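> Residue numbers (full-length UniProt numbering), protein chains in the order written: chain P, 1 to 102; chain L, 1 to 102; chain Y, 1 to 102; chain Z, 1 to 102.
No lab work stands behind these hints: they were computed from the structure. These numbers were taken from a predicted model, which means no experiment stands behind them. A couple of the hints might just be wrong.
Copies of the same chain look alike in the list, so a pair counts if it works inside one copy or between any two.
Stated by the list, open to error - No more than 20 angstroms apart at the CA atoms, straight line, and that leaves these computed lysine to any residue pairs for SDA-like:
1. 3 - 19
2. 3 - 86
3. 6 - 90
4. 55 - 43
5. 90 - 12
6. 13 - 75
7. 49 - 60
4 protein chains.
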Amino acid sequence: MKKYQKEIDEWVKGFEEPYWPALSQFAHLAEEVGEVGRILNHMYGSKPKKSNEEKQELGEEIADVMFTLICMANSHGIDLDIEIEKVIAKSKSRDKDRFAKK
Amino acid sequence: MKKYQKEIDEWVKGFEEPYWPALSQFAHLAEEVGEVGRILNHMYGSKPKKSNEEKQELGEEIADVMFTLICMANSHGIDLDIEIEKVIAKSKSRDKDRFAKK
Amino acid sequence: MKKYQKEIDEWVKGFEEPYWPALSQFAHLAEEVGEVGRILNHMYGSKPKKSNEEKQELGEEIADVMFTLICMANSHGIDLDIEIEKVIAKSKSRDKDRFAKK
Amino acid sequence: MKKYQKEIDEWVKGFEEPYWPALSQFAHLAEEVGEVGRILNHMYGSKPKKSNEEKQELGEEIADVMFTLICMANSHGIDLDIEIEKVIAKSKSRDKDRFAKK
Numbered sequence: 001m002k003k004y005q006k007e008i009d010e011w012v013k014g015f016e017e018p019y020w021p022a023l024s025q026f027a028h029l030a031e032e033v034g035e036v037g038r039i040l041n042h043m044y045g046s047k048p049k050k051s052n053e054e055k056q057e058l059g060e061e062i063a064d065v066m067f068t069l070i071c072m073a074n075s076h077g078i079d080l081d082i083e084i085e086k087v088i089a090k091s092k093s094r095d096k097d098r099f100a101k102k
Numbered sequence: 001m002k003k004y005q006k007e008i009d010e011w012v013k014g015f016e017e018p019y020w021p022a023l024s025q026f027a028h029l030a031e032e033v034g035e036v037g038r039i040l041n042h043m044y045g046s047k048p049k050k051s052n053e054e055k056q057e058l059g060e061e062i063a064d065v066m067f068t069l070i071c072m073a074n075s076h077g078i079d080l081d082i083e084i085e086k087v088i089a090k091s092k093s094r095d096k097d098r099f100a101k102k
Numbered sequence: 001m002k003k004y005q006k007e008i009d010e011w012v013k014g015f016e017e018p019y020w021p022a023l024s025q026f027a028h029l030a031e032e033v034g035e036v037g038r039i040l041n042h043m044y045g046s047k048p049k050k051s052n053e054e055k056q057e058l059g060e061e062i063a064d065v066m067f068t069l070i071c072m073a074n075s076h077g078i079d080l081d082i083e084i085e086k087v088i089a090k091s092k093s094r095d096k097d098r099f100a101k102k
Numbered sequence: 001m002k003k004y005q006k007e008i009d010e011w012v013k014g015f016e017e018p019y020w021p022a023l024s025q026f027a028h029l030a031e032e033v034g035e036v037g038r039i040l041n042h043m044y045g046s047k048p049k050k051s052n053e054e055k056q057e058l059g060e061e062i063a064d065v066m067f068t069l070i071c072m073a074n075s076h077g078i079d080l081d082i083e084i085e086k087v088i089a090k091s092k093s094r095d096k097d098r099f100a101k102k
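With these hints in hand, go ahead and build the complete structure from the sequences.
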């Protein structure tokens with residue numbers, strides 16, 4: 001993630017207002033998450049159409065959410081690699097006896 | 001991202017049900033996004049408390065959202081590095097004349 | 001709410017699949033909520049445009065969210081009037097000493 | 001809705017800051033929507049538990065979302081009855097030939 005965080009940060013630093021205010025970023029995050037919901041309903045809702053086109057669109061929408069999260073992290077000085085490592089470690093430790101192993 | 005996608009994938013592959021159904025993943029995503037909203041309201045709402053503790057919690061919540069997105073990408077065979085590169089390129093190209101440069 | 005719940009229920013009962021599955025309804029809810037976020041960012045984001053048109057659109061988006069919630073309530077046999085009365089009573093009791101009175 | 005809108009409005013008008021800023025309201029909305037997602041995953045996720053308790057909790061969470069929407073509408077002078085009537089009319093007109101009738 002460091003690479004993406006740095007790339008985005010260097011780019012937006014060229015603008016007068018590099019990042020939106022936090023609650024505006026959040027409203028945008030919710031908008032992008034809603035787009036993921038829309039495409040998932042196309043794929044898994046009542047009348048599913050599971051074409052390659054839908055999968056491609058899902059990838060784009062997930063990346064839009066990620067982009068918004070990276071901006072949010074950048075404007076708060078959060079190191080995403082450290083945080084993601086911690087979440088993975090936490091999940092592994094919490095779930096290791098919880099689910100049926102193969 | 002490849003590293004995280006692979007690490008999570010190898011780990012969950014040991015379980016009988018590696019990934020939740022897509023719409024369950026999405027409901028979980030919305031739950032985690034809501035947690036980000038809660039902490040941002042603590043930080044930027046009417047009675048803000050902008051301690052280091054809040055920033056730490058924000059980092060964790062953002063990473064929880066990222067973790068859920070990685071699971072969603074993994075279960076759809078989406079390469080997040082490719083998709084994020086595309087979003088960054090798209091943003092740079094779209095915004096290059098849109099905002100005031102310094 | 002009873003009036004709206006009944007009106008929607010009688011109308012959708014005429015269809016083969018009256019309500020979507022719960023998690024599809026939820027994905028749709030998140031999509032509509034994202035639309036509210038989008039319009040609020042137009043109104044209150046970095047470059048606000050607070051025209052009457054925006055306010056009109058906000059009203060429509062809020063009502064879209066309400067419509068989705070009514071469908072969700074209907075498909076679970078939830079009486080929204082009872083639940084809303086309880087939330088109002090709960091808020092009044094919880095907040096009565098919390099905020100500065102005029 | 002008029003009754004609820006008025007009841008909430010008269011109550012909060014007694015406080016110094018009757019309604020939160022719009023983007024704070026939205027972050028709170030997303031938090032409450034996330035709670036709906038959490039409870040739906042309990043009910044319909046991989047290991048569902050569909051007790052009466054869950055249904056009761058769903059009713060409360062939906063009403064929490066509605067309460068937040070009513071506050072948002074109130075602080076923008078939106079008449080929810082008018083808007084909901086329009087959404088219902090729009091849905092009826094749009095869907096009337098779209099789904100299989102019984």
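> When no copy is specified for residue 90 and residue 12, does a C-alpha distance of 20 angstroms or less occur within a copy, between copies, both, or neither?
Result: close only across copies, 14 angstroms inter versus 32 angstroms intra.
> First find the shortest C-alpha distance between residue 6 and residue 90 inside one copy, then the shortest across copies, and answer within, between, both or neither for a cut-off of 20 angstroms.
between (26 angstroms within a copy, 17 angstroms between copies)
> At most 20 angstroms between alpha carbons: which applies to residue 3 and residue 19, within, between, both or neither?
For residue 3 and residue 19, only the intra-copy Cα distance (18 angstroms) is at most 20 angstroms; the inter-copy one is 28 angstroms.
> How would you label the pair residue 55, residue 43 (within, between, both, or neither) given a Cα cut-off of 20 angstroms?
within (8 angstroms within a copy, 27 angstroms between copies)
> Can you tell me if residue 3 and residue 86 fall within 20 angstroms by alpha carbon in one copy, between copies, both or neither?
both (19 angstroms within a copy, 14 angstroms between copies)
> Regarding residue 49 and residue 60, is the shortest C-alpha distance of 20 angstroms or less found within a copy, between copies, in both, or in neither?
within (17 angstroms within a copy, 28 angstroms between copies)
> Between copies, within a copy, both or neither: which fits residue 13 and residue 75 at Cα up to 20 angstroms?
within (11 angstroms within a copy, 35 angstroms between copies)
Violated hints: none; the structure is consistent with every hint.
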